[in-house]
Amino acid sequence: MKNIKYITITIALLGIVLFTSSCIDDLNTVPLDEDELVSDRVFGKDLNAYTQSLAKIYAGFAIGGNAGGDAEQDVAGIDGGSQASFLRVLWNMQDLPSDIAHCAWNDPGIPDFNQITWGASSPWIKGSYYRLYYQINVANAFLRETTEDKLNSRGASETLKDSIKIYRAEARLLRAMTYEYALDLYRNVPFVTEDSPIGNVLPQQIMAKDLFNFIEQELLECETDLPDPVVGYSQNYGHVSKSAAWAILSRLYLNAEEYINQPKYTECITYCKKIIDAGYQLEPVYADMFKADNQNSKEMIFPIRYEGAETMTWGGMTFLLCMGPADLQTATNAKGAWQGYRAKSSLIKLFEKESLSENDARKSMLHTELTTNIEIVDQSSFKNNGTPVAKFYNVNKDGSLPPSSEAYIDFPLFRLGEIYLNYIEAVLRGGEGGSRTQALGYMNELRSRAYKTGGTITDSQLTLDFVLDERGRELFWEAQRRTDLVRFGKFTSGDYLWPWKGGVAQGKAVDDHFNVYPIPSDDIGTNTNLKQNEGY
Amino acid sequence: MAVSAIAQTGQTNVKGTVRDVNGEPIIGATILLQGTTVGTATDMDGNFSLQAPGNGVLEVSYIGYKSEVVPINNRTNIQIILEEDVELLEEVVVIGYGTVRKNDATGSVTAINADKLVKGFATSPSDLLVGKAAGVSITTDGGAPGAGANIRIRGGSSMSASNDPLIVIDGVPVDNTSGISGMSNPLSTIHPNDIATFTILKDASATAIYGSRASNGVIIITTKKGQIGKIKVGYNGTYSISTKIKNVDVMDAPTFREFVTEKYGEGSEQALALGNENTNWQSQIFGTAFSTDQNINVSGAIAQMPFRASVSYTDENGILKTSNLQRLTGSLNLNPKFIDKRLDVQLNVKGMYNKNRFANQGAIGMATQFDPTQPIYMTGSDYGNGYFMYLKSDGTPIDIALTNPVAMLNEREDESTVYRSIGNAQFDYKFNFLPGLRANLNMGYDVSNSDGDVIIKDNSPMTWTSGNFKKGFGENTHYTQLKRNTLLDFYLNYDNQFGIHQINAMAGYSWQHFYREEENSYPYSKEWARTVGNEFYKDGDSYSTESYIVSFFGRLNYTLLNKYLLTFTLRNDGSSRFSPENRWGLFPSAAFAWKLNEEDFLKGFQNLSDLKIRIGYGVTGQQNLGNGDYPYMARYMYSKAGANYFFGDKEYSLTAPLAYDENLKWEETTTWNAGIDYGFLNNRLNGAFDFYYRKTNDLLNTVSVPAGTNFSNQLLTNVGSLENKGVEFSINAIPITNKDWNWTIGYNISYNKNKITKMTINDDPNYVGVIYGGIDGATGYNVMIHAVDQPYGAFYVFQQIYTEDGHPIEGGYVDQNSDGKIDEQDLIPYKKSAPDVLMGLSSSLNYKNWDLGFSLRASIGNYAYNNVQSNREAYGGSQMYDQTGFLKNRMNSAFFTNFYTSQPRSSYYIQNASFLKMDNITLGYSFNHIFNGLQNARLYFTVQNPFIYTKYKGLDPEFNGGIDNNIYPRPRMFLLGMSLNF
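Chains as they are written, first to last, in the numbering used here: chain L, 964 to 1499; chain X, 846 to 1827.
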């Protein structure tokens, strides 16, 4: 009997051991949900997965997260619909601290933008910085997953590899473009590529000169693999092409003297010409460039696309539509009217410098008839303090409406109008390869498009100061102004004052260190390799 | 024996003495002549005397002793011996994987018998425990029916991971990773009447046996079981009325009119926006509510198998109109024994069916902001379904306007149906060949299925002012959730006494699986679906996830001479949430206790019944990190509806890489505890004193990671440490007990101090801490902070400067760094939301058949940010008047404060929320032996929340999270109850 007892006990114990060891294996779980995957399940032989990963980089410029309405936000701890929306925060950082716009809201960081009094702890600066790095990180991740070795190990076909080659060039271009914005806003930033080690290694800080060289080199290298430019709409619309590379280069070179103290105006002209020679044309009616069906425009070089509820965000184009007055909400087919932003009187004066400015279609976007005072007396009051602006209209060229009041207007990140102005300025600053006559021609083309009648200028009127003013008149409300003012040395100096510059109603000079934004205090604290920009 | 002729019905004087087993007289023992109200008590020598018939029967009782029934049998002098009631003194307490005698417990354990609690209105077990145990703080989320409760034991040991204790119901640990959709308080699956005991394990030497889920303490709940004996039937019913206690002090229509015209002038735009009505919005959304709770239970034994079954029905209405909870619960316990009673089988099943209607709590905040000069209804507009709405001059709705609070309640249906069942089968087998060896197998499950809809009527005011579309169609959501949790526990237990040594050893294995799946869909209303031609207005989403815990554990108890006790426990926990390198954690604990009252030098003290010194040490973990079940894996997420990109005409969804930390591991807390358990006069006076120190390491914190190193700028990773120190004292006393009177008091007080000691990888002087706590009325401003060398949950504000008569100076703040400007650098950590001291007092007084009981509770040292006030005072800019044409009501304190621009981050709004509160007072009357079937009946009247004393200026100082905003007020309830026992 005892034997049987001991045998039974032994068998029972063995059974328990086998049972428990199989249960221990239960601890190796993988995500159940089909929408949550580990990387070896995401990437395989199918092109779609790679396109979707590439699309994430593009989408990061348009919307704030991985679900509609900026939910599942990309940048943690910052509102995906405002401070971490690429377009919205860029716009606030470029057009508010300038002679263009002013915002009545008291949200943290906004008054500092109005007045050029910001510091390293501004949530907007933090949002902008981390949004740029989110884009860089996702681009790096894509490049890591699409190396020759990785593709071969997955058994990728030659056709797949060919498509991926183009995708890789696109990712590199988008990354270079992001670094160009970082260079423009912050100058000396942490540097990571797909070859940087992942994990606990702190990135090194790259100085402006080296960053400039990197961006230039990347753009020149990936240019060859990018598709040729197609003017107007095509089934590739939304992807970058060679012209996007040229456009970024033209901007990079135009500002080279400011970034690295080396004039590169000749190179700027070279790339402006390449774009112009590709066949782009100005949109015949200025306002049409900013309407819901502007994807058909021949002036569009590279857009940030918005397609209604499918690309739903509270930042981006939604912000550009809704930030204005309730009076214009129906006309612009906006889904809200938040009443915060208006033009400073300095923008009105930019137009009124010109005789016959009442013929300028661009000036008619400043609705002086909706305000009793173009001056901003009470900074936090919206009505009758400054001029409401409506530039973006969520309607089609022919007046018909898009499917809803969600934003359908694509934001023209690069358009021919800017390229013309780059060319003109580069020529005036002594770049070679172009001519004054050609420059004057382009200037008059721009102005004739804007003016109902007249508007052309003579050669003697074509000065650098005139170019700065015209850039303001042409590119206002398009997130460009601060860069231009900095390049002309007028951003911080007392030469050019506008309302509330420096915190006083008539404006005053501010310290030069404000020409560059500070690296957010969060990253200075975390990455001991970084040295803060001077003055902060 | 002198046989006098004593007539059968005659009375004689019967005398006697009552002694204990040692021959000592028992003073104050009760002698009752059975079947009558004739009785007496023993005197200083234990003697008694009373008039009784010779054939009468005496019932002799004394607390702490077994009652005796003594027939007189014509005796005139009766000597009675009472035996100590071992059950009471050697109360058995349920601990993890076993039981222990209360006397032998080496850890800090509080055992509560649910029936002895002074009860008020209780929908859920958590309501019963409020204020009853030292160191345990329970804060309900407000007065909504079935509102959830925040339970904290000794202050909580984490910052971003869960601070909830582990709750074990009849041996099945309940999943506390995520709540149950559609049900605010998952604990309310169990009807409070079905609970037998609560055991609260507080220090690590008691909780470490639960390993990686034990850092915040453990609450073990056991439900009532049947007893062998006659079948008993019980009924409990309550009927109650709830009323609102007070209103937020906002301006009424005449005062508001006066305020607006005074500030802006008669013909101003602001004054012209005023209406002509006089509406008290708060009165419109609140009302008196009626509720009832009915419970029937049957217990006894069928063919030697004890069983207990109960059914209850609750219908609770809330004071916020449209809030309602209906619940049907049932439970069945079977406890058969087989094989010579060596195989003890316990089968427990509890089921619940719950229907909720959640009222729109946003209406509460809205009612205190909506313009009192406007009407509730309006006619003549196509918009708003007849409710008043703000319209533009062209008659279309103003989309950023405030929403009509009455419409918010009436036009929204947020209803859910939840089915839940918790059950287990436990087999306990005592081996034959080796006495003292016992095997226990427990298999349990916890399943819930929820279904809910949030439906907003088309064209109601909300559809024009909120949501993603603001187009007039009701944005409806349909959600479902299924949760399944299964458990298998097995352990062997060996118990034996070798001479002066007593050994108890236990070794076991546990496996638990948690599974959850959820789905959301967004249908148009039927009418819109017909118009638009689409069933859904945006794509739905679904998610499923699971995790496993596998553990090995053991415990060794060694007792020497019944005086010196040693306990060791060890648990090896493996969780599927961490990478294979970090998966397994070892959680040891050790405790030593010394029963001083058993020592010779103290044995003589008759009055000392218990004196035990305890020291314990243990390490516990927290694996409930709040970031999903796969946080360490590199994963990609497909985008959801509304996030896509287009190339040409083709739409692509997005694939995003998620930030992850592959080195993520659980938080680890080390606890030191020293305590004394004491008892005097046969434990008529007893209690405990504890001192503890807890340190949590590898504290999870979301820290900024260097830009460029991961897929997010912030990462949840183990970086910090936190410590908690505290003292607890509790005393239970029965000051008076005799034939007519009995008075029991319980008092507990605890003090806890916590401090965050580390938060980042490097010590960065510029790192201020984790700033959180968004507030209403200022996007982007946060008023709370976790900072190093501060308690967690401190407020983060500017320090306000006041005039001599106490008015705050607008914008006048202390310039902390003296740099001449007031900016982010001048914000300071200020006060905190957690209390320093918590106290509870419950008293139960019985006089003959009457009983009077109450529960009192105090919280001292907790502060609150009064967001209701901070968002309703300023009158300038767009604070009170929005330029699209509507006004927002202000509080009456706006006259005193007089801010033009709102100052949300001022210390002026951090107010002392300490309070002294009476939770309930009950007066009851018991009827004994009404008729043969009815053993006893009790009728009682309770007032819940009779009064609260506090200096806090807001509505209710008791809420979770530190920011007072929109709390559902707790009602005052008047309850009539009846319980019958057959």
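Do not rely on the hints blindly, as some may be mistaken.
Stated by the list, open to error - With the C-beta cut set under 8 Å, the calculated list includes, among others, these residues of chain X facing chain L:
id	residue
1	D1185
2	G1493
3	E1496
4	S1498
5	N1773
To be verified - When the alpha-carbon atoms are kept at most 27 Å apart in a straight line, the in silico DSSO-like pairs for lysine-lysine are as follows:
id	chain 1	residue 1	chain 2	residue 2
6	L	K1471	X	K1495
7	L	K1360	L	K1326
8	X	K1495	L	K1205
9	L	K1008	X	K1495
10	X	K947	X	K1069
11	X	K1316	L	K1354
12	X	K1448	X	K947
13	L	K1124	L	K1172
Because the hints were derived from the structure by calculation, they are not lab data. All C-beta atoms, glycine included, are put in the ideal place defined by N, C-alpha and C.
Verification of the supplied hints:
1. D1185: violated (17 Å)
2. G1493: Hint holds; G1493 of chain X Cβ to chain L Cβ min 3 Å, cut 8 Å.
3. E1496: Check passed: Cβ of E1496 of chain X comes within 6 Å of chain L, closer than 8 Å.
4. S1498: holds (6 Å)
5. N1773: At about 54 Å, which exceeds the 8 Å cut-off, the nearest Cβ of chain L leaves the hint on N1773 of chain X violated.
6. L:K1471 / X:K1495: violated (51 Å)
7. L:K1360 / L:K1326: Given that 27 Å is the threshold and the Cα spacing comes to 19 Å, the pair holds.
8. X:K1495 / L:K1205: Measuring from Cα to Cα gives roughly 21 Å; hence the hint holds.
9. L:K1008 / X:K1495: Holds. K1008 of chain L to K1495 of chain X sits at ~20 Å (cutoff 27 Å).
10. X:K947 / X:K1069: holds (19 Å)
11. X:K1316 / L:K1354: Measuring from Cα to Cα gives roughly 24 Å; hence the hint holds.
12. X:K1448 / X:K947: Holds. K1448 of chain X to K947 of chain X sits at ~19 Å (cutoff 27 Å).
13. L:K1124 / L:K1172: Violated, at roughly 34 Å.
Consistency with the previously given hints fails for numbers 1, 5, 6 and 13, ordered from lowest to highest.
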